[in-house]
Structure formats: C-alpha cells, structure tokens
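Protein sequences appear in the order of chains A and B. First residue of the first sequence: 1, per the working numbering; consecutive thereafter. First residue of the second sequence: 101, per the working numbering; consecutive thereafter.
Hints were generated in silico from the structure; no laboratory data involved. You can take every hint at face value.
Covered stretches of chain A (in silico footprint by chain B; criterion: 3 or more residues with CB under 8 Å from a CB of chain B, positions within the stretch not fixed):
no., stretch
1, 23-37
2, 48-59
3, 72-81
Note that this is a predicted model, so its numbers are computed, not measured. Note that CB positions come from ideal geometry on N, CA and C, so glycine has one too.
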Amino acid sequence: MIPLGYYIALSAALFIVGVVGVLTLRNAIVIFMSVELMLNSANLALIAFSAYSGDAAGQILVFFVIAVAAAESAVGLAIIIALFRNKLTVNIDEVNVLKW
Amino acid sequence: MNLELIVFLILAAAAVVSAILVITRKNPVTSALYLVLNFFIIAVLYLFLRAQFIAVIQITVYAGAIMVLFLFVIMLLNLGDDRLMKWKFNSTRTIASLMGLALLAEILFYVINFTTGAGLSPQAESIGTVESIGKALYAGYLFPFEITSVLLLAAIVGAIFLSKKQISDGPMEKGNE
Chain A
1 MIPLGYYIAL SAALFIVGVV GVLTLRNAIV IFMSVELMLN SANLALIAFS AYSGDAAGQI
61 LVFFVIAVAA AESAVGLAII IALFRNKLTV NIDEVNVLKW
Chain B
101 MNLELIVFLI LAAAAVVSAI LVITRKNPVT SALYLVLNFF IIAVLYLFLR AQFIAVIQIT
161 VYAGAIMVLF LFVIMLLNLG DDRLMKWKFN STRTIASLMG LALLAEILFY VINFTTGAGL
221 SPQAESIGTV ESIGKALYAG YLFPFEITSV LLLAAIVGAI FLSKKQISDG PMEKGNE
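Could you build all of it, start to finish, from the sequences and the hints given here?
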C-alpha cells in the first residue's frame, strides 16, 4: 500500500522542477515543455486524490486538463513559429518588444 | 516494505530524474525525448492508481500527439545545436532556483504530515474504467464536454491564423523571396 502523501510529494517535486525550468530557461520551446511538466504534476495529484477518495470527478477534470493542454500547446507552438519567423530566434531574452 | 512500494519509489525517482534532465539538457530534442520518458512513467503511475482510461489517454495524447508536435517544431526551426540553452547564471535565475527549492521544502513539509494511513478507496477499481468515465462525462459533465470542442476549434483556427505567412514580413521571408 502506497500512502497518499507519497503521490502528492512526487507531484510537488515534479511541479517545482517545472517552475524552476520556466524561471531559469531561455529557450521558449523548453519553457513550454516545463509548462507541460507542471500540468502533468497537477494531473497526478488529481488522479491520486480521485483514487483515494473514490470519486470519478478528479479523472473527468484530468480529461479536460489534457484537452486544454493539447489546445494550449498547438497555439503556443504556432506563436513560437511566428516569433521565429519574425525574429529568427526563440530566445526569450531577445524578444522584448513589449517591454519598455 | 512490499513490492508495490518498491516499484513506486523506483518510478518516482525515475520521474524526478527525467524531469530534471528535461530542464538541464542543452539540446531541445534530448529534452523532448526525456519528457516523453517522463510522460510514460506518469502513465504507469496512473495504472497504479487504477485509472486505466487516463493512462491510455496520457500515452496517446501527450506522449503521442503533443510530443510529436513539439519535435516537429524543434526540427522545423532547426534548433538542434546552438547556444540558446546555455545556462548563463545571473542573479535573477539564481534567486528563482532558490525560491523554487524553498517552495519545494514548504510543500514537502506539509505533505509529510499528511499521511492519512488510508489505502486506495474500494471504488477505485471501478471508477477508472472507460465505462464509468463515459457515464460520468455524458451524465454530469455534458456541457463542459461540448465546450471543449469549441475550445479545440478555437485552437485550430488560432494555430492556422498564426502560421499564415501573410501576417509577417520578417527576415525569414525576406531572405526567401
């Protein structure tokens, strides 16, 4: 038997890895991958709570999260392609037209 | 210590290590492949939690569709080996990493005290099946399910609009013309 806390601890660790990736990396594509890591860690926590409380609502929510993640990555990668077309880079330090 | 717990700990360690490799590799293709490994490990953990449907969706949608999209974009932009991923540590990034570690410590501090001692719910075996998910989805969550289709349509239209050549006259087009 695996205690529920272990799943939540793993979820927290994966989430923090994603947060540190978003905060420290400069390649926009790998930043997107870090966002996917965070979404996955949240999904893991939802599934764990769903299974330990015997409620299907958590798994339905994960289904919607996956659908939203698919839409998000499609639009995000299209933005990155448009960005690369205009700037010839995906380094977010060099993309500062919205910064005064 | 039973077998299930040992397998869980091995998988958890592999998940964390592969996640760290995602954010530390210099080559984006390598990062993407480690992310696929991470998604597969999480799918196995879903099976531990008796969520069969979500585990299959995780592999087909995440490891299949989304990661193929990522790899396609990486190879389209030809980012294989360049200096984009260099870890140039300045003060902001150091502070960000330290705050991340502090947040991890805080969360783990609360999680350690969060051992209820209860195992999987008796219903866990039945709620993860396609039948029960489908029933719940179409009975209680029909409206959000339909709205999801509108969201996906908006994402398709947005992606096509952003990828159209006409909206930009950047250096890439100027070079090609």
